[in-house]
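Participant: FYI, the numbering for the sequence shown is 1 to 379, going by UniProt numbering.
By construction, these hints were calculated from the structure, which means they are not laboratory data.
Heads up, the beta-carbon is just placed ideally off N, CA and C, and yes, glycines get one too.
It cannot be assumed that every hint is accurate.
What the hints assert, rightly or not - Under the rule of at most 25 angstroms between Cα atoms (straight-line distance), these lysine-lysine pairs were calculated in the DSS-like manner:
1) LYS200 / LYS241
2) LYS153 / LYS29
3) LYS241 / LYS29
What the hints assert, rightly or not - Quick list of simulated restraints, FRET-style, between CB atoms:
4) GLY198 / PRO330: 24 to 34 angstroms
5) GLU124 / PRO33: 31 to 41 angstroms
6) GLY42 / ARG362: 28 to 38 angstroms
7) VAL32 / PHE185: 18 to 28 angstroms
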Amino acid sequence: MISFWEIIFLILIVGSIAFYLTCAFCTLKFFVPPEQAIEPSGEGVSLLIPVCGIDEGAWENWSSVCQQNYPNYEVLFGVLDPEDPAIPLLKKLAVKYPDRVKLLIGLTPRGINYKDSNLSYLLEAAQHEIIIFADSDICVVPDYISIVTAPLKDPKVGLVTCGYVGKNPRTIVAALASFGRCFDFIPSALISGVIDGGFKFAVGPTMVTRKSSLQEFGGLHLNRIGSDYNLAKRAVEAGYKIEFSRHILESDTTGESFWSFFQREVRWARTIRFNRGSQYYGMIFCYGVVYSILLMFISGWQNWAIALCIATFLIRYIQALIAIFTMKCPKLLLWLWLLPVRDILSLTVWMLGAFGQQIYWRGRWLTIEKDGLIIQGDS
Numbered sequence: 001m002i003s004f005w006e007i008i009f010l011i012l013i014v015g016s017i018a019f020y021l022t023c024a025f026c027t028l029k030f031f032v033p034p035e036q037a038i039e040p041s042g043e044g045v046s047l048l049i050p051v052c053g054i055d056e057g058a059w060e061n062w063s064s065v066c067q068q069n070y071p072n073y074e075v076l077f078g079v080l081d082p083e084d085p086a087i088p089l090l091k092k093l094a095v096k097y098p099d100r101v102k103l104l105i106g107l108t109p110r111g112i113n114y115k116d117s118n119l120s121y122l123l124e125a126a127q128h129e130i131i132i133f134a135d136s137d138i139c140v141v142p143d144y145i146s147i148v149t150a151p152l153k154d155p156k157v158g159l160v161t162c163g164y165v166g167k168n169p170r171t172i173v174a175a176l177a178s179f180g181r182c183f184d185f186i187p188s189a190l191i192s193g194v195i196d197g198g199f200k201f202a203v204g205p206t207m208v209t210r211k212s213s214l215q216e217f218g219g220l221h222l223n224r225i226g227s228d229y230n231l232a233k234r235a236v237e238a239g240y241k242i243e244f245s246r247h248i249l250e251s252d253t254t255g256e257s258f259w260s261f262f263q264r265e266v267r268w269a270r271t272i273r274f275n276r277g278s279q280y281y282g283m284i285f286c287y288g289v290v291y292s293i294l295l296m297f298i299s300g301w302q303n304w305a306i307a308l309c310i311a312t313f314l315i316r317y318i319q320a321l322i323a324i325f326t327m328k329c330p331k332l333l334l335w336l337w338l339l340p341v342r343d344i345l346s347l348t349v350w351m352l353g354a355f356g357q358q359i360y361w362r363g364r365w366l367t368i369e370k371d372g373l374i375i376q377g378d379s
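Generate coordinates for the entire structure from the input sequences, incorporating the hints supplied.
Facilitator: Following this line, the structure appears as structure tokens:
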């Protein structure tokens, strides 16, 4: 006789297997078709990068945006804290690329969201119509600007975004971060795009738009977290399409501690819950590997439970391999033994994200409220 808890775990496992298979299908459908040739529009582009501290590989990351095969663009870096340790490195960059780099230092926060406050200053200083909001921790290819701005040739496209993965992690923490993005986040984003009949969100490390379009859908909101989600939501409400690029950015988190990585993931989880509401709880059907292990224990190691566990692991690993090869991240293969650990961690993060309002972000405790509004919190 199958017990109540065995039935519960069976339902969760079947739902998770369906999720893994859908992830695999959507990933193949999105990434396998050959990419079309990119023709740069030649329009002027302003690349806006808010900086807070020095990320791993900062010099390589920042140099990469200054070495683009694009005729007409500028790179604006903004720093709030006049004592930020990144400033000497940024000044060195400005000396090396004087015609490309502009620095705005010692900016006074205009809202609780310091990142968007920083961007608001950069946006005012930008000289060009096309705007790229980019995180400071990404390393880009020489054709990055051409690739991410190309979809704006379609006047119906209001915002362009793309995923990001650490393709060559050198630590366990970096590998866990890469797994979450490559195996779960990007495939889940593709599923959402299918379910919603088009993408209705963006991804923070790169968002591309026009100044005029940005004004139409309300500009930056300086007291919200999850601005990528909110910006895309308002773009769709204004009648624009969101273009999710097949270009995958490189993001290196090698120097990050486990605690910093874990706090970021919990912050993301709680942000998603407050922005997406009840949809967050549907993510319970994403952790079949963990459920299958638990089912083996509670069933007393029944043969059928062991067989189901093996099948679940096999399907999950096939889905992960599809993600690795379609997103061109072969060096993640070396870390695949960590996949069950990543899934246990993901379930833990999801459970912590299911309640609570406090998040830790760049040295500050904040409290999230409805619709992603944030207020200064207590530690």
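Participant: All hints are to be evaluated individually against the structure, with a verdict given for each.
Facilitator: So, going through the hints one by one against the coordinates:
1. LYS200 / LYS241: It holds: about 8 angstroms lies between the C-alpha atoms, which stays within 25 angstroms.
2. LYS153 / LYS29: 24 angstroms, holds
3. LYS241 / LYS29: Holds, because 20 angstroms separates the two Cα atoms, which is no more than 25 angstroms.
4. GLY198 / PRO330: 24 to 34 angstroms: 31 angstroms, holds
5. GLU124 / PRO33: 31 to 41 angstroms: For PRO33 against GLU124, whose Cβ atoms are near 40 angstroms apart, the range 31 to 41 angstroms holds.
6. GLY42 / ARG362: 28 to 38 angstroms: 36 angstroms, holds
7. VAL32 / PHE185: 18 to 28 angstroms: Cβ of VAL32 to Cβ of PHE185: about 19 angstroms, so the range 18 to 28 angstroms holds.
Every hint, counting from the list given before, is met by this structure.
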